[in-house]
Amino acid sequence: MAELGQKPFPPGRYRLIVVGSGPGGLQLSYSLTRLGIDHAVLSDDPAPGGMFRRWPVFQRMLSWTKPFAGVEHHERAYERYDWNSLLADDQVNRAVMPALMDGTSYFPSRPEMQKGLETFAQRTGIRVRFGCRWESTKEIPSPAVGGGQGGGRDFVLATSEGEYRAPVVVFAVGVAHPYRPPIPGLESVPHYGDFRPVETYKDRRVFIVGKQNSGFEIATGLLPWARQLVLASPSPAKLSVITHTLVGVRARYVQPYEDAALAGGVVILDTTIEEVIRDGAGYRVRTRNAAGRELTVPVDDVIAATGFVTPLRDLPALGVATFGQSRLPAQTPYWESATVPGIFFAGTITQGAAGLKKHGIPSNSGAVQGYRYNARVLARHLAETKFGVPAMRERIDAAALVPYLLEQVSHGPELWHQRGYLARVINLDRETGITNEGVLPLQSFLDSGRSDAVAVSLESNGQGNPYPVVYVRKEGSIAEHAMAPDPLLDFSGAEYREELRSLLEPVLSGAASPA
Amino acid sequence: MAVRDDVVNAIAAFSLFADLSGPQLEEVAHLFDESFFGQGERILRQGVSGSGFYIILEGTAGIRVDNVDRSTLKAGDYFGEISCLLGEVPVADIVAQTPLRCLVLPAAQLEGFLTAHPRIMYRLLQGEARKLKNTTKWLS
Chain A
9 MAELGQKPFP PGRYRLIVVG SGPGGLQLSY SLTRLGIDHA VLSDDPAPGG
59 MFRRWPVFQR MLSWTKPFAG VEHHERAYER YDWNSLLADD QVNRAVMPAL
109 MDGTSYFPSR PEMQKGLETF AQRTGIRVRF GCRWESTKEI PSPAVGGGQG
159 GGRDFVLATS EGEYRAPVVV FAVGVAHPYR PPIPGLESVP HYGDFRPVET
209 YKDRRVFIVG KQNSGFEIAT GLLPWARQLV LASPSPAKLS VITHTLVGVR
259 ARYVQPYEDA ALAGGVVILD TTIEEVIRDG AGYRVRTRNA AGRELTVPVD
309 DVIAATGFVT PLRDLPALGV ATFGQSRLPA QTPYWESATV PGIFFAGTIT
359 QGAAGLKKHG IPSNSGAVQG YRYNARVLAR HLAETKFGVP AMRERIDAAA
409 LVPYLLEQVS HGPELWHQRG YLARVINLDR ETGITNEGVL PLQSFLDSGR
459 SDAVAVSLES NGQGNPYPVV YVRKEGSIAE HAMAPDPLLD FSGAEYREEL
509 RSLLEPVLSG AASPA
Chain B
2 MAVRDDVVNA IAAFSLFADL SGPQLEEVAH LFDESFFGQG ERILRQGVSG
52 SGFYIILEGT AGIRVDNVDR STLKAGDYFG EISCLLGEVP VADIVAQTPL
102 RCLVLPAAQL EGFLTAHPRI MYRLLQGEAR KLKNTTKWLS
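First to last, the sequence lines map onto chains A and B.
Heads up: the first sequence begins at 9 in my numbering, then just goes up one per residue.
Heads up: the second sequence begins at 2 in my numbering, then just goes up one per residue.
Chain A with its partners taken away, still in its complex shape (with noise of 0.2 Å):
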C-alpha cells in the first residue's frame, strides 16, 4: 500500500491503466505485477472490495470456502475448495479466506469476504489509486508514435483528479448498477439495493419482481417477517440443483419456493408484470400471464429485483458493443472489446466472454472463483501481446504427458473452476518439441493455431457429473474426445491413462523428442 497521504499514480500517460479495486481488478494487478508490467490501479472506491463492500444485502456470501479438503490450503489444489480467496503464485499469500472465517458457515459473510480482499490487497502489496473516479472517455492519436503499443492510439480517462491515458485499458468495474425494465410505475419503487432494515417489512405483502437469485435472497430472508411474498417475472424460476451450473436460484434461497409449493404464505407466478399502480400507502400490480389471465395483485411493498446492468459509462458511444439484458460488453475469448481493440475487461463482467457454452452450460466467469483464473489468463495475454514479455512455456518428457494431464483435468483448479472455458494446452511442434502453452481459453485453441497441439478441458452437459474432454489437433484439424465421467470426480485411474495414451499417440509420434 501506499504511505498515508502519498497517492500512487497521479494523472498522466501510462502503458496500461485499470479501473476498478474489487477483486477482479486486484487479482489482475497482482498478476501483472508478477509478470513485471507497470500499470496503474484506479477506483472511485475508499479501499479494496468492490462490490462487497456493500452486498448481498443480507450479508452473506453466496460462494464457499470449504475449510477440509484433504490438501494443504497453500496448495494449488485447495484453489478448487476455495472459491473466495485471490489468487497467489507464493504460497504464504494463498488462501486468505479460510484463516478469517469464525467457522460458522462455508459460505463467508460479506465482512469476511471484504476482509479477505483488503487484506490479499495489503499482504501482496497492491497499489491503487483510491477515490478517482473515471468520468469519461475519448480516443486520440498516440503521442508516442512508434512506441505506443496499442496501434497509435491512446485512451483519455478523464476522472475526479485529472486525465489519464493510455493505448490499453481494462475496466473492472463490475456489473452492479440497478436496472429496472421498463415496466410503467417500476422506476418509483425501491430496488434490491434500496432493501430496508428487515424489521420494517413486519407483518406486510411485499411483491418481488424477478426470480432470480437477487429476488430470492430477499424472500428468503424476509420468511420470517413478511405476511404475504409474492415473486413474479415471465419466465418459471431455474434452480442451480437442476441446471448443474450456476445458472439459477441456488440452494441457500430455495426456501420460498418449497413454501409455495407446499402453499404457505409464498405466491411464484410465471407472469408478465403490465403495471405497477401507487394505491394510498401501497400498491396494486397489475400482471397477464401467456394464457392471457390478468391477474391484480394488492401489496404494501415493491421490490425491484430486476438486475444490474454493467456501469460502462460513455465506451458505448466510443464503438463498445453491448448485449443481454445486463449491457455487458461484447468480448473476444482474451477479454478484449469484440468492437474497439485496446479496451479489455475483468472481473464479473468477463462473462459477457461466452466461449464455446457448449450444451448452453455458461462458463463461471461471472463469479470469483470463476474470473480470479480470467484475470492470470488476461495479465499473460497482455504481457505477450502488448509489452513484449513472452510467457515461460516449459518442456514436458513425452512419457510424462499422460499423467500430467490427468493430473490438470482431476486437480488442475483453473479447469474445475472454468469448466469449458479455459484449457491446458500443450503444444507437439514437429520443430521444438512438446512444451506447456499453459492455460488458455478453449475458443481460442479450437479456431487459432495450426500446429498439431493438445488441449484438455473438463466439462458438463448440464446432467450428470463433469468429464473431461481432449481435442488433439493434427495437420490443422481438430478432433473432439469426451471420456467418461467418474462417479468420484477421479480422472487418473489406468482407463483414463489407457485412453488418453491412445488418443495421443498419432500425434506424439510425429512431435520432437526433448533434447
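In short, the hints are calculated from the structure, not lab data.
As the structure is a computational prediction, the values presented were derived from the model and not from experiment.
For glycine and all other residues, C-beta sits at the position ideal for the given N, C-alpha and C.
Hints may be right or wrong, so weigh each one.
[What the hints assert, rightly or not] Where chain A lies over chain B, by a calculated footprint (3+ residues, C-beta under 8 Å):
(1) 4 to 15
(2) 24 to 35
(3) 97 to 105
Position chain B relative to chain A; hints supplied.
Relative to chain A, chain B alone:
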C-alpha cells in the same frame, strides 16, 4: 445472458413467431439467452459437440462447410436446429460476417420448447421444408 428488453419487439416481426400474442412473445423471449459474436468469430464449429438453436437478431452469418462459404443468414433466420434435432455435431461452421446478435436455446431444451409451442414448431417445419426445397432445386 438474459435478453435485453427490445428483444420482444424484434422477434415479433420474425416468421417463426408470427402466431404469438404479446404476453406469449414475452414468455418465449425470456426462455432464450442472448449472445453476441464479433466479426469473424465462429458460433458453431463443424464436428465440435454441444450445439444450440440460434435465432439471428442483428447482423449476418455465413455457413461454411469444409472451409468453403455456402450461404448467408440474416436477421430472423435461425441455425443449429438440425444438430439439435438429430443430437449430432454440426455439419458446418457458422461464422459471423458482421457483429452478430443472437438468441440461443441449448439443444437439450429444444424438444420441450417446440412441443410446448406447437405454432412455433409448425413455423419451424415450414422453414425446414423451404430449406429442403431449395436443396432439391440446387441438386437437380
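Going down the list of hints, with the structure as the test:
1. 4 to 15: holds (count 3)
2. 24 to 35: holds (count 9)
3. 97 to 105: holds (count 3)
Of the numbered hints given earlier, the model fails none.
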